[in-house]
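**Q** Below are the chains, spelled out letter by letter.
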Amino acid sequence: GAVVSQHPSRVICKSGTSVKIECRSLDFQATTMFWYRQFPKQSLMLMATSNEGSKATYEQGVEKDKFLINHASLTLSTLTVTSAHPEDSSFYICSATKTGGPEAFFGQGTRLTVV
Amino acid sequence: QKEVEQNSGPLSVPEGAIASLNCTYSDRGSQSFFWYRQYSGKSPELIMSIYSNGDKEDGRFTAQLNKASQYVSLLIRDSQPSDSATYLCAFPGNTPLVFGKGTRLSVIA
Numbered sequence: 001g002a003v004v005s006q007h008p009s010r011v012i013c014k015s016g017t018s019v020k021i022e023c024r025s026l027d028f029q030a031t032t033m034f035w036y037r038q039f040p041k042q043s044l045m046l047m048a049t050s051n052e053g054s055k056a057t058y059e060q061g062v063e064k065d066k067f068l069i070n071h072a073s074l075t076l077s078t079l080t081v082t083s084a085h086p087e088d089s090s091f092y093i094c095s096a097t098k099t100g101g102p103e104a105f106f107g108q109g110t111r112l113t114v115v
Numbered sequence: 001q002k003e004v005e006q007n008s009g010p011l012s013v014p015e016g017a018i019a020s021l022n023c024t025y026s027d028r029g030s031q032s033f034f035w036y037r038q039y040s041g042k043s044p045e046l047i048m049s050i051y052s053n054g055d056k057e058d059g060r061f062t063a064q065l066n067k068a069s070q071y072v073s074l075l076i077r078d079s080q081p082s083d084s085a086t087y088l089c090a091f092p093g094n095t096p097l098v099f100g101k102g103t104r105l106s107v108i109a
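Sequence order for the protein chains is A and B. FYI, in the numbering used here the residues of the first sequence are 1 to 115. FYI, in the numbering used here the residues of the second sequence are 1 to 109.
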């Protein structure tokens, strides 16, 4: 199998606070994980590529100091949205690939609402 | 830049009909292609992968690949209202998959 678990599935936070989202590969080791953001009725937007043991690679226009990514083990990557604002409200989704395979397996997604 | 083109839809088909979803891609060297299904408010789910020219069937789903034309399609036979979703095609880019914007399918009961 290839199961990716993302937690929490929903979170509401106050403006100015930070939120941490976890992405775990449950039955395989993921050397690379990806973080996406998706606004309503829009397509997936890649935010960053997370490699185990090294710094994440961010896409153009994504603030690395605002969206902190840590990939400390082969099964866990975290995304921390720092000093969240209402415009950060979105659906955040992680995905992971198995070694040697191009398919991406997605977590369940996290719906973040900043009030 | 590697790209995937999909008709955004919506594509509406009656229940029981065949739904045909199409995708063209820019990278002539790509060897693998994937179809994902995304229900509203949910994350994408891998439903089909295809690596060689021709057809690949899995239940009611058939993926078709034509590398010469850089074209991949997904046929859904006996469409059900539960098939209503956005379907994304994808192929490997430099590291992450390159996704199309998706085609929204609506199956009318």
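Take the hints with a grain of salt, since some may be wrong.
Claimed, not checked - The list that follows gives simulated cross-link-like pairs (lysine-lysine, DSS-like), each with its CA atoms no further than 30 Å apart:
no.	chain 1	residue 1	chain 2	residue 2
1	A	Lys64	B	Lys67
2	A	Lys55	B	Lys67
3	A	Lys64	B	Lys56
4	A	Lys64	B	Lys42
5	A	Lys66	B	Lys2
6	A	Lys66	B	Lys67
These are computed hints drawn from the structure, not numbers from a lab.
**Q** With reference to the structure, classify each hint as holding or not holding.
**A** Status of each hint after checking the structure:
no.	hint	result
1	A/Lys64 with B/Lys67	violated, 38 Å
2	A/Lys55 with B/Lys67	violated, 36 Å
3	A/Lys64 with B/Lys56	violated, 41 Å
4	A/Lys64 with B/Lys42	holds, 26 Å
5	A/Lys66 with B/Lys2	holds, 28 Å
6	A/Lys66 with B/Lys67	violated, 41 Å
Checked against the numbered hints given earlier, this structure breaks hints 1, 2, 3 and 6; the rest are met.
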